[in-house]
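Colleague: So the chains spell out like this:
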Amino acid sequence: MNNLLVLPVVIPLVTGMILIFLQRRPRLQRGLGIAGVILSLSLAGYLVRTVHERGIQTLNIGGWPAPFGITLVADMLSALLVFAAFIVALACLMFAGPAAGKHERYYLYPLMLILVCGVNGSFLTGDIFNLFVFFEVMLIASYVLLTLGSKREQLRQSIKYVLINMISSTLFVVAVAYLYAIAGTLNMAHLSERVAEAGQDGLLTTVSLLFLAVFGIKAALLLFFWLPGPYSAPPAVVTALFAALLTKVGIYAILRVFTLIFYHQPQITHTALMVMGAFSMVLGALGAAFHWRIRKILAYNVIISAGFIAFGIGASSAVSLTGALYYLLHDIIAKAWIFILGGAVIGIAGTDRLKEIKGLIHYRPALGWMFLLAVLAVAGVPPLSGFPGKMLILKGGIERELYLLTAIGLAVSLIALYSLMKVFIHSFWGEALLNEGEQHDTGKGALLPGAMLSALAVGLGIGAEWVLAYIEPAVETMMNPRIYIDAVLRAEN
Amino acid sequence: METFMVIISGCLFGIGTYNLLSKNLLRIIFGTGLFTHASHLMVLTLAGLKKGAAPLIGGEEAGYTDPLPQALILTSIVINFALTAFILVLGYRAYVDTGFENVKQLKGYDHE
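Just so you know, the sequences run in chain order G and W.
Mapping to our numbering: the first sequence position 189 is 208, numbers consecutive.
Mapping to our numbering: the second sequence position 20 is 628, numbers consecutive.
In short, the hints are calculated from the structure, not lab data.
Just so you know, not all the hints are guaranteed correct.
[Stated by the list, open to error] Not the full set, but computed from the structure, chain G residues with beta-carbon under 8 Å of chain W: (1) Leu-167; (2) Ser-169; (3) Thr-189.
Computed from a predicted structure; not experimentally measured.
Idealized CB from N, CA, C, for every residue including glycine.
Next comes chain G alone, as it looks inside the complex (with noise of 0.2 Å):
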């Protein structure tokens, strides 16, 4: 029993509430904001240690004891995870400001806190229908966000978003049901353990298949055409927001589900998983490559991730799964960080499409050079952050002799490269377009946020070492669930 484990949840929704009612003060928002954020990253980095030295920890809720209760569980997949999300909200706060114009009145800051609430839930339960439930806090928090300022466009993107998103919520329902009536637990060490002593048949397999297409829609793995389009509606903050964290709930959900529960059958199970890895990241590069407007080289940027993480957790050895979560944990940051330099871009040129904006190292040379080392880091170049990630998901792939899928990785990291550098010189090199005082913005709110990524995603390269020895513990308990079962269901309270 911890209870630091409530805190991620529970600090941004109390901070998020008290928001509310401040909603003629912006700034005192902000900054109250802000301040939450710092104190619930600090308690992440608390968390992270105290799961590195004393193992898994869980937390009843109520006091119900493990399989009839609510638990929250924080391994080490889900403690580094809430922690990258935490950094990403503050990053995505700390650019809020400027970049939100007039949005700020509208809720921006209490949504954007009531969000990473249901991120982190998602992170951290260990029941399978409370992970509905934060998913529902999550995605209801990201309609409102995508309607404000209710330009025509986002409400046309929005209805397509909010119907996609209440679909393949009925069908997490629908999947949830079928796994209770056939196991009767919810709670996921629980099933791990019932469906391992059952042995995974085919109607077992069947509903994981579907709980795989629930989650596919949800992190935009193959079924993802709903995203380019609500991803490139709202203000920038609310994007890069939605980038970094929204898809990589759903390739979380992948990620335990298919290590904890579903992982007798992997002939079908992560044959599946690498087919739609492959087919996304193929469609997500020719998409990248295709579009001449930056938000949508930037949202198709989303789709090629979430393919290699895929990629990485079907491979499903202890290899690949160090890739994936590294990946997973640089990708969370690197989106973030694209995303917001991006909206900076776009927020002085006036303009996303390509071939109207030139020249913009002339004002904002920091920006610029920033762009650059995010466009490296995202193709994975070494030193930065992707490269550790991406070499060994690909050192994963050749293990297991998915020569193809590792060749598509090797193209498509090419050209997700191409998409970016094309980014990079059509809107820093050339000829200034605009003088001197005509931008539509400054840009310069993108700087403190850009730089505190930039050197983090720097870190996360060089520190690969450091790095990983926080990973392995993760990968250790994705490998033998046995860990996670034990810590859940025998803790000694």
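Could you slot chain W onto chain G? The hints should help.
Modeller: For chain W alone, kept in the frame of chain G given last:
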């Protein structure tokens, strides 16, 4: 009784899907409503319907229906109620602001 409920729920899924596939936004929203109703009925049925006894500690063990799915449905109903209200307002706003009522208008990426 369980068989009957399963068939009902299947019919609701069918009607819901049919409505989801239409082009009119209002029909689609009703479709999602039916869809979620169907899923709730299914959750209720999968855990077994009425058995008789009240779920009290110390009573007969196998005599009562598992109350957990009912708690799940309650949660899910609340969530779906909120979502339906939200999407109705969203659809109305889109209709008033942009004259949107047909999904064909959702096609493409072009702003304006």
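Colleague: For every hint, state whether the structure bears it out.
Modeller: Comparing the hints with the structure gives:
{"no.": "1", "hint": "Leu-167", "verdict": "violated, 12 Å"}
{"no.": "2", "hint": "Ser-169", "verdict": "holds, 6 Å"}
{"no.": "3", "hint": "Thr-189", "verdict": "holds, 5 Å"}
Comparing the model with each earlier hint shows a violation of hint 1 alone; every other hint is respected.
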